[in-house]
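Per the numbering used here, the very first residue in the sequence shown carries number 54; after that it's consecutive.
Source of the hints: derived by calculation from the structure; they are not laboratory data. For glycine and all other residues, C-beta sits at the position ideal for the given N, C-alpha and C. Wrong hints could be hidden among the right ones.
Claimed, not checked - Computed list of lysine to aspartate or glutamate pairs in EDC-like fashion (alpha-carbon distance at most 16 Å, straight line):
hint, residue 1, residue 2
1, Lys-100, Glu-110
2, Lys-100, Asp-122
3, Lys-95, Asp-122
4, Lys-95, Glu-68
5, Lys-100, Glu-121
6, Lys-95, Glu-80
7, Lys-78, Glu-68
Stated by the list, open to error - So the derived label-pair ranges between C-beta atoms look like this:
hint, residue 1, residue 2, range
8, Asp-122, Glu-80, 12 to 20 Å
9, Ser-73, Arg-93, 30 to 38 Å
10, Lys-78, Leu-109, 33 to 41 Å
11, Ala-119, Phe-64, 15 to 23 Å
12, Ile-70, Ala-92, 14 to 22 Å
13, Cys-71, Gln-102, 30 to 38 Å
14, Leu-109, Arg-85, 28 to 36 Å
15, Gln-97, Cys-71, 17 to 25 Å
16, Gly-108, Phe-64, 16 to 24 Å
17, Arg-111, Met-74, 30 to 38 Å
18, Phe-64, Tyr-107, 27 to 35 Å
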Amino acid sequence: MYEQHFHWPPFGSIELICGSMFSGKTEELLRRIRRAEIARRKLQIFKPQIDNRYGLERVASHNGIAREDVV
54 MYEQHFHWPP
64 FGSIELICGS
74 MFSGKTEELL
84 RRIRRAEIAR
94 RKLQIFKPQI
104 DNRYGLERVA
114 SHNGIAREDV
124 V
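I would like the entire structure built from these sequences, with the hints used as guidance.
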């Protein structure tokens with residue numbers, strides 16, 4: 054007998070990075086994104102519409118590191 058195991062809905066997680074201003078939150082986010090890409094993990098990045106400092110589809114840190122394609 055052939056048995057299949059399905060996990061539905063697929064397991065996932067939401068991670069929150071918090072801290073004071075200039076504490077490295079965005080750098081940590083970008084570091085985690087890079088690690089997930091290396092591991093070929095699926096991920097989505099969301100940003101509030103009110104945050105338009107670096108464009109609507111871009112996350113950028115104060116030290117100039119940036120990431121495009123944000124939902």
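If you check each hint against the structure, which ones fail? Hints 6, 10, 11, 13, 14, 16 and 17 not satisfied by this model.
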